[in-house]
Structure formats: C-alpha cells, structure tokens
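The chain contents come next:
2 protein chains.
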Amino acid sequence: MINIAIMGHGVVGSGVVEVLLHNNDGITSRAAEEINIKHILDLREFPDSPLSDRFTKDFNDILNDESVKIVVETMGGVKPAYDFVKSCLLAGKSVVTSNKELVAKHGQELVTIAKENNLNFLFEASVGGGIPIIRPMTQCLAANKICDVIGILNGTTNFIMTKMIKDNTDFKEALSIAQQLGYAEKDPTADVEGHDACRKICILASLAFGKHVYPESVYTEGISNITLRDVEYASKWGGVIKLLGKVSILENGKIAVTVYPAFVSNESQLSLVDDVFNAIMVNGDATGEVMFYGRGAGKLPTASAVVADVIDCVKHMKARKYLDWAPAEDNYVVNYLDIKTRLFIRAKTDNYNADKKLIVENFGDVQFLSDEGDEIAFVTDENIERELRTGLEKTGLKADAVIHIL
Amino acid sequence: MINIAIMGHGVVGSGVVEVLLHNNDGITSRAAEEINIKHILDLREFPDSPLSDRFTKDFNDILNDESVKIVVETMGGVKPAYDFVKSCLLAGKSVVTSNKELVAKHGQELVTIAKENNLNFLFEASVGGGIPIIRPMTQCLAANKICDVIGILNGTTNFIMTKMIKDNTDFKEALSIAQQLGYAEKDPTADVEGHDACRKICILASLAFGKHVYPESVYTEGISNITLRDVEYASKWGGVIKLLGKVSILENGKIAVTVYPAFVSNESQLSLVDDVFNAIMVNGDATGEVMFYGRGAGKLPTASAVVADVIDCVKHMKARKYLDWAPAEDNYVVNYLDIKTRLFIRAKTDNYNADKKLIVENFGDVQFLSDEGDEIAFVTDENIERELRTGLEKTGLKADAVIHIL
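The listed protein sequences derive, respectively, from chains D and G. Note that my numbering has the first sequence beginning at 265, numbered continuously upward. Note that my numbering has the second sequence beginning at 265, numbered continuously upward.
Fair warning: there could be bad hints in the mix.
[Stated by the list, open to error] Sample of chain D residues with no beta-carbon within 12 Å of chain G, all distances over it, derived: (1) SER316; (2) LYS427; (3) ALA611.
[What the hints assert, rightly or not] SDA-like, lysine to any residue: derived pairs with alpha carbons at most 20 Å apart: (4) LYS621/G - ASP594/G; (5) LYS427/D - SER532/G; (6) LYS379/D - THR292/G; (7) LYS475/G - ASN287/D; (8) LYS563/D - SER313/D; (9) LYS475/D - THR613/G; (10) LYS658/D - TYR616/D; (11) LYS475/D - SER293/G; (12) LYS500/D - PHE632/D; (13) LYS658/G - THR613/G; (14) LYS409/D - THR292/G; (15) LYS427/D - SER529/D; (16) LYS582/G - ASP322/D; (17) LYS475/G - ALA295/D; (18) LYS369/G - ASP594/G; (19) LYS427/D - GLU531/G; (20) LYS409/G - ALA295/D.
Hints are computed from structural coordinates only; laboratory data are not their basis. Quick reminder that beta carbons are idealized off the backbone N, C-alpha and C, glycines included.
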C-alpha cells in the first residue's frame, strides 16, 4: 500500500478523490499496489466527504509524515503551492501537479530538484487537461527531433470562438454565456487575454526544446478584439479563427513562441476542434504531424490525468521518468516581429480602388476578401512580420483588425 | 552501452536503423545510454549499408549472443517471426515489434512469457504507425474505465476513400492510384477487405478490455463495394464514408467489435482524417473523448514508434511496463447482428412512392436521402441490426448497398 496526500480539495482535487475511489479496482491493478489517500489539505471543512477523517489544515501533517511517498498538488496559483511542492520534493516525496502556473514559472527548478533527489515531478494535467500530451511528447516521440508544436490550449476561449463562429454571437455575449455555464470565471482575463494558453505553450516549449521558457518572454494576444466581421472574413477565406499557442525551432537553435488568434484553414484538423475541446499538434522529423485531441479542462478529465501520473509514480518509485530541461537563456526566444507569417488586415476606406492599388504596391500579390465598399480586407503573402507592419504603415490605412494566419 | 539486434531490413527495419543513426544524440540522452546495433538479420545482402558488417543470415547469431538485451522484430508475418520472438523472450531478451499480425494472433502468449520472465514485449508501432496510442491508452488513461475505441486504422483504404470523396474517383481507379503511389500492395486484399484494420482493432480491444480478441471473431467488411453513389448520399446526409474499427464494452461485460465502412458525420473529428492519415478515438469514463491522429504507416513514422519502444526498454531493463491481458474467452465477442446501429440502405425501385410507404411501414421514422426516381435511399433509426435486416427483407427491396452509420 502506498500513502498519498492531496493538497487542495477544489474542483480538481475533489475530482482526484472521486476517480481514485470510483475506479479503485482498475487503478490498484494497474499500479500493482493499493493507493491510500492519507491526508487531504484544505482550509475549508468537508464533513460530508467519505474521507472527512483525512482532512487537515496543517501542511506539516503531510510534510512530516514519512509514510507519505507521493503528494498531489491541486491548489492552483504559485503561493503557497510553490513552497509546499518544493518542501515536499526536498523531503523525499514525489509530486504530481495540475498547476500550469507553477510549472510555467518554477518548472525547471522543480524538475531539477526532483532529478537530484531521484524523485518524480509529474504534471500531465497541467496542459490539455485530460489529453495525454506530456508523456506522449516526451516518451513516444523520443525518437524524433520535434520541429514545432501548435495547440488550441484554452477551452474557455475556444468555447467563445465556437459560439461566435457557429451562432453568430458577438464576443461579449459569448463570454457571458461561457460565464453562465461555468466555463469562464468572473474575471476572465487569464483566459480571454491568452495568459492561460501562454503558460501551457511555455511548458510544451520547455519540454520539446529543452530550455525553460518564461511566459513573460512570449508575445501574447487574446481574443477580446475579435469581431463577427473578422469571423465572417475568415469564413470567406475558407477557415475559422482559433486562439493558438505555437512554438517552433529555428535553424539557429533559437525558438519562436507566440500566443494569438489566427485564421485556421478548414482543411486543418485544428479547425474542427470546437467548444471546450483542446488539441495539440506536434510535428516530429520522423513521425510527421501527430495530433492529440480531447477535453482540455473539467473536473474528471483533469483528475484522471492527475491519477494517471500518480499511478506512474507508484510504478516508478525507484526509476525516474525522463522529464527535465535546462534553465532559461537570454535571447533564446526570438522577437515575434522577426518571424515569418501571413496577416489578415481589415481597415475602413474612403476610396476602395485607390486603397486597393496602394495595398498591391506595398504588399505585392495579396488576396482580397472584401467587395468594393467602405471596408477593405485582405490576406498578405508570407513575410517577416516587421516588414508586413511597415508595409501597412506605408499604405496609410488605419487597420481595425490585424490577425495572423496559421 | 546496450546492444540490440534488428530482425528484418525491409521498409520498417531499415527505417529503424536510419532513425537510430540520424537522431543518435537525442536518443542516447533520452535513453541515458548508448544504443548499439550489433546484429541485423536479413537473408538479403546490403553491401552499401553503413552497417554492412553487422548483417547476418543466421538467427542463432542473435539468439545466442548474451550481450544482446533487446531485439527488434520488423520482419512481418507470423512465420518465422513468432518462433523467433518467442525464442528471444525465452532467452531473456526484451522484444519490440511493429508486427500487428503477430500481436493480433499471439500477443497474449507473448506478453505472458515476457511478464513471467520480467521482460518487456512492446508493440507501439503495430497500431497507428507513428501515432502514440498503445502507451497513452494503457498509461495516460490508466485512471479511466474505457467505454469504447473507434479508429480509422488503415491508411490505404483511407487514401482510397479520400480520392473517392474529394476527386470523385471510383474505387477501382482510386485503388490503382494508391498502388502507383506505393500506398497499396499488388494484392491489396488485406487492406481493402479490412483485415489489416481488424488486426489493429483486435490489439486495441485486447488492451482496452483485458481479454484477447482474435481477428476471426470480428465481423469484418471492406470498402471494395462502396460506390460513388454511396459517397454522394453520405455527402447529402452530411458526412463522409470511412472504414472504421470499433470496439465497445457492453453492460454484461461482453464486447462489440466490428470493422466496416460507415457514414461519419462532418461534425466528427474523424471526418477530417484524410489521405493516409489514421486516427483513434478513445472514450474514457472520466476523461471523455480523446483522439490521437497522425501518419498510420510509412517508413519513418513507424520506425520512430519502434525506436521509442526501444528507448523505453532501455529505461526499463528491470522494471516491466504494464502491458498484459488475459486469454480469449468463448462468447466474449457478441454477434454484430445483436448490436444496435443505424443503417443506410440504397435499392432500385420500380414504384418509388409505394416502396417509400413500405419502408415507413417497416422502419418507422426514417430519413430519405433520395428524390423520386428509380432509386430509393434512406437512413434508419437506431435498432438491433438483426431487426433492421428483417425489416429490409419484409419490404421486399433488394438492396444495392447497406452501410452502417457511426
């Protein structure tokens, strides 16, 4: 029997208890050992829980209990999660977390401490919720050099975009529906401004290319400025708008990482990823494009990813999993303005044909999506973004929307 | 340094050599040990290979070499692969294979021998080529009870169907293009009649539900009877035709396993899986729907899956992976006629309105896809297939096509 502790009894933490109790037989047989929840840390009271006798408000009850070999962290946030997790690792306990903020900020230090102490620090649930991605990326694709990773990493914004695309609901209204359904928080900033997606692409970038990437170094743009006009133009172009996290390795060994809404062609698998679903596309030099799709959030999907990590810890009490990467490096992440891209540009115009001429003069061969009228919209060819922005300035047009093309 | 041997230097086997040599640095660092190809077994000569000095025609050179700890089997077929693999396991060597026929036929015996000898028998490449599926299904979804698995498991037939759907090419012509491109073999029976997909769904069924499933026990129907008329009706219905392998667990603990072409709605992720790509959708009780997508065949994708297994063997020389299942059981697979489904039915008619009336009398509420004329086509509601077939008999219609609906 292995004793574990769970820190945090919110949505994910209580889901972990539920999955462990509900699928106990299968889990025990897969772990080849019974998993016993010895402590649950939470400041609140849960008198109706079947495990009400296991609750504690004192972290030291877990830290000082030598019989606890694995600690699950589902508190969220960096404080006090970071101190607790670090203390647990230093005390010889393996840790499983669903906390993307913690991993994006302190992952490199924590994997290193785990490595030095021959312990596991696993975080499958921190990206893609119930979708297996961390393990497949590091293990199954171990024979590949990864070229790029592109993901729809945030369920809330994907739900909002789906509402805008399918039901012609504008951003504000779609956000309000998401809030009513519990998909978006009262303060939706972290989701709609792309911060959540940014943390996740940072974790994937760190794993895929071996050096830590901090969210602050990543150009991040949310979906709050996307209008139904843009959605319409995307459809005319033959695609949909999705919030994407992207990372790719450049020839000079540096990486390009961005989070922004982008036109995605209807031919791409990513275009069919709707509602709260997430998907991550990994491109390996040998294996080509591989995509992982599923529920990126939610109590039970996320909890089941946590429990899978716990089972893996039990199976690897002595053998470490190979999850680690080097510290961040200056100038490793290139400026997004130096990356090649295509752009969709939409602007008001007083003289359609004159502006059309100006656009062709400055951008060469572009694809116009607008009909003659008081608005002009087009998609550029691929070029360094800085050049495209300069081209736009030269036209004198004041753009109402500038959106990337995948 | 770990010595390995590779049996078979065909497409996949030579790909394994290529991936191991080409990505050597990354692989060594992930395996935490250098991997040395000591022997390659093939009856042919390869004087131009960079490893030409490692070739042997005698299996005993591998079997009797105690320094060889891991053997890769990429010969294909059951004879002599089965004898060779079994001998290797009995001699204390872990085995990695890409051979789906071998695993579908003898997998249960081989995983059991591996287990008894504390060795690994891994076969990620046998299903879905380069797509990580075996490991995610068994490990990442370890906390779930799996409800069903649905897959586009054969690249050749998916290429043919894509040609039929997108280019309006008929089956014969599409097959001939597939043969010219090297996607289909001269004798395409194993692919187009569904036998290859059947082996793969048997492997997934065995893993997902814990008892061996033999291909002979699975209702298997290929795509050679699919016409452009059917493709057209599917499009009218709002979908595409795909060859699917499906397995689900029933309330009584038995399983339903089938391989057949089916109408797949355009809303489903599976509908966008085109050309030689494969996809596998797994439904877990906690995690919900998860899909894995990528190249289901091809030299380097398949080879990279083999190499990932080799790396995993190196990392687990003493700790076994948890891949095993029980022997087959009589009556465990239910007759497909006893499974609930919807059917698309197409038949010639001399009297459209009279036949329409007959159909409604026998099937109740159906969805007609045809316009009045000499052909009648419709989609039934869900019912036990046997009842649907009886209903069809009662109408007296001679069906030109009966196709399942996903």
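task: Mind listing which of the numbered hints don't hold for this structure, in increasing order?
output: Of the numbered hints given earlier, those the structure breaks are 4, 9 and 16, listed in rising order.
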